[in-house]
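Work out the full structure: start from the sequences and follow the hints.
The lines below spell out each chain.
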Amino acid sequence: MAFKLTAGQRSASIWALYAIGLVPGLWTFYLGVTAQLGADPVVTFEHSLGLWALRFLCLTLLVTPVRDLFKINLLPYRRALGLLAFYYVLAHFTVYLTLDRGLILTAIIGDMTKRWYTIIGMICLILLIPLAVTSNRWSIRRLGTRWTTLHKLIYPVIAGAALHYALSVKSITLEPATYIAIVAILLTYRLVRPKVMELRRRLTKTPPARMRAAAARD
Amino acid sequence: AALTGQKTEYKVDEKVTSKEDVTTYNNFYEFGTSKSDPANNSGDFKPKPWQIEVGGMVSKPTIFGIDDIMKQFTMEERVYRMRCVEAWSMVIPWIGFPLSALLDKVEPLGSAKYVAFETVVRPGEMPGQTGLFQPLPWPYVEGLRLDEARHPLTLLATGLYDETLPNQNGAPIRLVTPWKYGFKGIKSIVKITLTDKQPPNSWNLYAPNEYGFYANVNPEVDHPRWSQASERRIGEAAGLFGGARMKTLPFNGYGDEVASLYAGMDLRKNF
Chain F
1 MAFKLTAGQR SASIWALYAI GLVPGLWTFY LGVTAQLGAD PVVTFEHSLG LWALRFLCLT
61 LLVTPVRDLF KINLLPYRRA LGLLAFYYVL AHFTVYLTLD RGLILTAIIG DMTKRWYTII
121 GMICLILLIP LAVTSNRWSI RRLGTRWTTL HKLIYPVIAG AALHYALSVK SITLEPATYI
181 AIVAILLTYR LVRPKVMELR RRLTKTPPAR MRAAAARD
Chain X
1 AALTGQKTEY KVDEKVTSKE DVTTYNNFYE FGTSKSDPAN NSGDFKPKPW QIEVGGMVSK
61 PTIFGIDDIM KQFTMEERVY RMRCVEAWSM VIPWIGFPLS ALLDKVEPLG SAKYVAFETV
121 VRPGEMPGQT GLFQPLPWPY VEGLRLDEAR HPLTLLATGL YDETLPNQNG APIRLVTPWK
181 YGFKGIKSIV KITLTDKQPP NSWNLYAPNE YGFYANVNPE VDHPRWSQAS ERRIGEAAGL
241 FGGARMKTLP FNGYGDEVAS LYAGMDLRKN F
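Those protein sequence lines, which keep their order, are chains F and X. Using the working numbering, the final residue of the first sequence is 218, and nothing's skipped along the way. Using the working numbering, the final residue of the second sequence is 271, and nothing's skipped along the way.
Note that these hints are calculated values from the structure, not bench results. Since this is a predicted model, take the numbers as computed values, not measurements. Careful, some of the hints might be misleading.
With a straight-line Cα cutoff of 27 Å, these simulated DSSO-like cross-link-like pairs (lysine-lysine) come out [stated by the list, open to error]: (1) X:Lys48 / X:Lys71; (2) X:Lys19 / F:Lys114; (3) X:Lys197 / X:Lys105; (4) X:Lys46 / X:Lys191; (5) X:Lys19 / X:Lys60; (6) X:Lys247 / F:Lys114.
Just some of the chain F residues that point at chain X, by a computed CB distance under 8 Å [as the list claims (entries may be wrong)]: (7) Ile129; (8) Lys152; (9) Thr173.
Quick reminder that beta carbons are idealized off the backbone N, C-alpha and C, glycines included.
This is the structure:
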């Protein structure tokens with residue numbers, strides 16, 4: 001980036017991101033309790049939380065390609081984005097358990113044993129827990145390279161989240177199709193990333209090297 | 001326009017869903033796939049003039065104008081439960097007349113076993129029928145067995161809440177089969193054909209393992225991806241709290257009237 005933030009500014013902007021990130025959930029909750037969420041408020045709220053979880057997962061996975069391709073470094077914000085996704089997943093699950101299923105255990109167990117979309121959603125939530133727990137400096141130092149390996153779990157999680165969404169709707173309309181496409185692009189990027197980096201290295205580093213060589217010959 | 005129907009015995013002891021919810025929370029993909037799209041995008045739709053072509057295996061194939069229909073048949077008020085395959089439900093005060101009355105006029109032949117229905121195709125007036133991403137092939141089609149079509153509960157609705165049908169609810173005329181999932185209730189009908197073969201129905205063509213021909217409401221037979229054992233009654237709670245699910249009833253509570261139609265059939269296979 002062209003401008004640099006001081007450490008204090010950076011820390012403030014991260015806190016601002018947390019605050020702004022929670023606004024959609026709180027706002028939808030407010031609309032819900034004041035009866036402004038339409039005919040089916042519980043499901044509207046539940047789906048909205050799930051969608052925001054998926055959006056923050058996408059943003060988390062966008063940090064790397066944005067840095068690679070546009071040289072914009074959002075790495076300091078990635079932890080906040082990932083944790084926001086986790087908070088929305090937790091809220092989504094809580095609303096499912098309470099407002100939607102009314103804590104009726106037989107219905108919940110039925111969902112968790114028979115229905116693929118709820119099973120997949122549950123697995124995603126469970127996989128996110130170790131990521132959320134280790135999203136601190138102490139864990140990064142402590143786990144070393146294992147931390148990086150552990151956090152690759154985010155890939156199956158986002159794939160599962162997209163699948164969970166697709167399986168829960170009557171038909172694949174434009175909105176789920178769009179998210180499936182975005183997730184597919186984000187994951188495919190990881191596969192082609194070594195090639196992209198190689199290409200970038202050649203494009204940026206080779207000309208000066210050649211020029212230096214030419215200069216040496218003169 | 002105002003439209004009243006004769007009071008009938010067809011009513012339920014449950015709270016009727018508000019007109020606001022009945023007319024703004026709809027599945028009518030011809031106008032878009034979100035629940036609010038039909039109310040928002042159906043302003044240009046012209047339900048008048050309108051004709052329904054009734055033919056196929058009948059003695060008297062007839063083209064009915066909608067004004068004829070309103071005059072020829074006695075409109076009744078019928079308060080029915082409506083259960084969507086997506087596990088939500090409403091209670092709706094329909095106005096309409098039994099489909100059997102219309103079938104009597106055209107005199108089905110003895111060879112006729114099924115009734116096929118078709119929705120209008122008007123991309124100029126129905127934004128869901130244009131553009132790159134269209135969820136279903138058009139026209140939307142549906143079908144009933146002849147005995148289901150002749151059942152006294154089976155209604156051709158022309159109104160609700162003492163008014164002619166709003167565009168988003170399937171103006172000017174639609175099918176209502178209260179013991180079946182809502183998608184059987186084909187809207188804005190232009191063609192009715194008597195036939196001896198089971199007619200195609202749009203959602204079954206889209207996903208045959210998920211949506212059957214019969215589509216009878218059945219809490220015991222889950223949709224492959226979600227449970228049909230319970231439902232959310234729309235408008236039960238205005239806000240987030242107090243809108244608990246209720247148990248879904250076999251045949252949506254109309255078992256006494258219709259269960260005999262399916263005697264001896266395996267309802268898991270014929271879902």
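So, going through the hints one by one against the coordinates:
Taken as a hint, the Lys48 of chain X and Lys71 of chain X pair is honoured in the structure, with Cα atoms around 15 Å apart against an allowance of 27 Å. At most 27 Å may separate the alpha-carbon atoms for a hinted pair to count; Lys19 of chain X and Lys114 of chain F exceed this at roughly 36 Å. For the suggested pair Lys197 of chain X and Lys105 of chain X, the alpha carbons sit about 21 Å apart, so the restraint of at most 27 Å is met. Between Lys46 of chain X and Lys191 of chain X the CA atoms are separated by roughly 17 Å; this keeps the pair inside 27 Å, and the hint holds.
For a cut-off of 27 Å, the pair hint linking Lys19 of chain X to Lys60 of chain X is broken: about 38 Å separates their Cα positions. Between Lys247 of chain X and Lys114 of chain F the alpha-carbon distance is near 18 Å, which keeps this suggested pair within the 27 Å criterion. Below 8 Å, beta-carbon pairs count as interface contacts, and Ile129 of chain F has none with chain X, the closest being about 25 Å; its hint is therefore violated. Below 8 Å, beta-carbon pairs count as interface contacts, and Lys152 of chain F has none with chain X, the closest being about 29 Å; its hint is therefore violated.
The criterion of a C-beta within 8 Å of any C-beta in chain X is met by Thr173 of chain F, whose closest approach is roughly 4 Å, and the hint holds.
Going through the hint list in order, the structure does not satisfy hints 2, 5, 7, 8.
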